[in-house]
Amino acid sequence: MTKFILRRMGISFLVLLGGSLLLFVLTINSGDPIEDLRESNADNRDYLIRQRTAYMGLDQPWYSRYWEWLTGAAKCVTLNCDLGTNRNGVEVTSLLGNAASSTLRLVVLATVLAIVIGITVGILTAIRQYSGFDYVVTFLAFLFFSLPVFWAAVLLKEYGAIRFNDWIVEPTFTPLQILVTAGLLGIAVQAVMGGDLKRRALTAGATLVFVGAVMYYFSAVEWFRRPAFGAVLILVVGVAAAVGITALLAGLKNRKVMWSALTTVGAGLAVYFAFLPVLREPTWLSLLAILALVVVLGAVSGWFWGGYSRRLAMGVSVAVGVVMAFLIVVDRAVAGWMGLLSLKSRPISTIGSQTPNFTGDFWESFLDKGVQIILPTIVLTLVSVASYTRYTRSSMLEVLEQDYVRTARSKGLSERVVIVKHAFRNALIPITTIVAFDFAGLIGGAIITEQVFGWKGMGELFQTGLKTVDPAPVMAFFLVTGTAAVLMNLAADLAYAGLDPRIRR
Amino acid sequence: MTDPNTPHRPEKVPTPAGGGINPETSMMEPATGTTTTTEQKSYSQNQLVLRRFLRHKGAMASMIVLVFVTILAISSIGVGPIPGWWDKDYTRAANVINGGSPTLSLFPFTLGEHPFGQDSTGKDYFALVMRGTQISLLIAFVVGLLSTVIGTIIGGLAGFYRGWVESVLMRLTDLVIVIPLLVLAAVLGKIAASWGVWGLALMLALVTWTGLARLVRGEVLSLREREFVASARAIGTGSRRIIFKHILPNTVGVIIVSATLSIASAILLETALSFLGFGVRPPDVSLGSLISQYQNAFTTRPWLFWWPGLFILAIALTVNFIGDGLRDAFDPRQNRNKD
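Each protein sequence line maps, in turn, to chains A and B.
In terms of the working numbering, the first sequence has 369 at position 369, counting the first letter as 1, and numbering is strictly consecutive.
Count along the second sequence from 1, add 505, and you get the number used in the working numbering.
Errors might be hidden in some of the hints.
To be verified - With beta-carbon atoms standing in for the labels, derived distance ranges: (1) B:Ala599 to A:Asp32: 35 to 45 Å; (2) B:Leu726 to A:Phe326: 36 to 46 Å; (3) B:Ser549 to A:Ile11: 37 to 47 Å; (4) B:Val673 to A:Tyr130: 40 to 50 Å.
Note that these hints are calculated values from the structure, not bench results.
The structure displayed is predicted, hence computed values, not measured ones.
Here a beta-carbon is modelled for each residue, glycine too, at the ideal position from N, C-alpha and C.
In isolation and in its complexed conformation, chain A is listed as follows:
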């Protein structure tokens, strides 16, 4: 196994090296780097040309320029990168730091969301094949897949940001809005849940009433301006998550897992109250430590409750721990929302990854970055969700036709076990490849998204670099994306080994 992975890494490294050479040569031959100076009428034109020649090494042959870049990039192994200077003499390494952090934040969030949503919806459509729900999702997937990203992004800017900002001034719903939203959700939920006519009507009705009541309440107390979450909601959602995850992965009959998951919810709440003062004004380090504590407590509770199903109990409890950590963050962020609104009356600005010169406490600047990332993430996620849904669906359908699934059904296993354990696990194997492969595509998509939303990310670095025939920023972009792609492939290989024991040998 180690040998296999090392070999894969070695090949990826060589391919990366070749790719860098190819991209370097293509970039420096894509135009004239001093075209603008040749045509300029400035008095110190010759001086400017000499200066840029020195910065970019234009007086050297291409192979020595490439070699210089390569040796500089090789120093990254010792965390001492030297990616050269751009044509104005600015160190690219320092430019890259900020750009990479905002772009990777965007791309990683989009990937995670796309995986979760895409795979869930894909499985549901496979289970409900040829239902109304399946057709609607299929059509939407095709629509998103065919959507020009830049066009959708501009639309989202108009309807997601500007209209939302107008609305948040007086955040109320009209009765018609409530009725239409609740009705649509009711139809959607009953389509997913399925069943006979009576059950469907019941599901739709219950959803309609619930959503309508919640929306009416939110509207009445102006929740969207003065939101509150609180311990009670954490408890309710946490318990629901614990029961739901247990039901899905272990079955409600497995009491040991159930108790372990519920203990995790209790532990999460205890941590929340114990560290509330810290949570009000955390640093990234203390916040992450607290969240990690919740997850670790989950693992511990799984260990003690688990008994014969210790591994399963630990897995479920860790998942519940992650949910609890997420809920704690949500609670604190929601508490900071009023502060953000008082600092920024139009919360979602259409440009930039964060508000410049923003002065707020930890949660307010967290929210500021949070709302800025929403729209680009939606744009990026749509396309990936569409393809993951399709792939998961076809992969699941193929697995569900296999003999071992028939065997599992015929020996009387419940539908949950058949789908989660026998079918889903095997369906995941081909999806892993797609996801790893798609990551590079997402970074490419991020170039467009960043352009539309005015982020100063890696896309901008690449674009200006290419427009000015300046290889250093372009190559820095490639270094990050290439490394990320290789790492994703490595992760996919490890996931393979986890999913398919035959590879581990």
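Given the coordinates of chain A, assemble chain B onto it according to the supplied hints.
Chain B in isolation, oriented as in the chain A frame:
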């Protein structure tokens, strides 16, 4: 969550074309065993594919829309020296009438003077969008065709000859894949800036063949181990004949489906590049460069933004649906129409 009453398997149809023993059929009809079941008229493989495709409603509707868009784009403003039926030119500025708002109305259907409105200098936007559609369609089809040819040749050679040919070609494929598609396309698009539309199409084809090459290689790898290839080889058939008579016809489904889908991704790639400024350059227009040019006009003249986007969406969507229909038609396991 799941309802035990609904069967989860698709209604599986015994496939007359597929060889071997079908477990479902052999269970139902223990006497026959193999699957030459139907007593009605029998069809050849190609006829079956065509019938399945023609019955795919989504694909057929898409086909009609795509043909309509293509004919509209070509006939309205004409091609080169041949004039079309639309009397306005996409390069000529004119007086802006009524703020340039569109005159198209559906009930009753009239085109009016400027159906899609006018831009800020009074150019007729319908003519501009039609020109953009022509260019984008042209690039998409050329890229789809060229990249399919390149991908098939490289994948086929690698899969058939194995050995060092395969290593070299597949490492070449990896090399192109490791650079994000949009990045490589942007660099090549910039190089091809002065070569016009055909140069851009050629460059885009040079970066989009990789997926198909891998697919074809995989297909060829499995086909060349099959019995019919072995027996062809045993009676002394040459490589060329094996490739063209035995292997390629069996990969044609994969290739056609992939070619269709690559047209859809080519149009999205080209418009994205033009949007970023690395694709089609002025004075030529493509649907992407139109959006890029007018994206800030959204609040004042939304039609300048809506039309090109809707045309991109329509073309990409219909092509994707046709590809899906073809996939269903070529892959009998996916098929749910009884025939």
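Going through the earlier hints one by one, which of them does the structure break, listed in rising order?
-> Every hint satisfied by this model.
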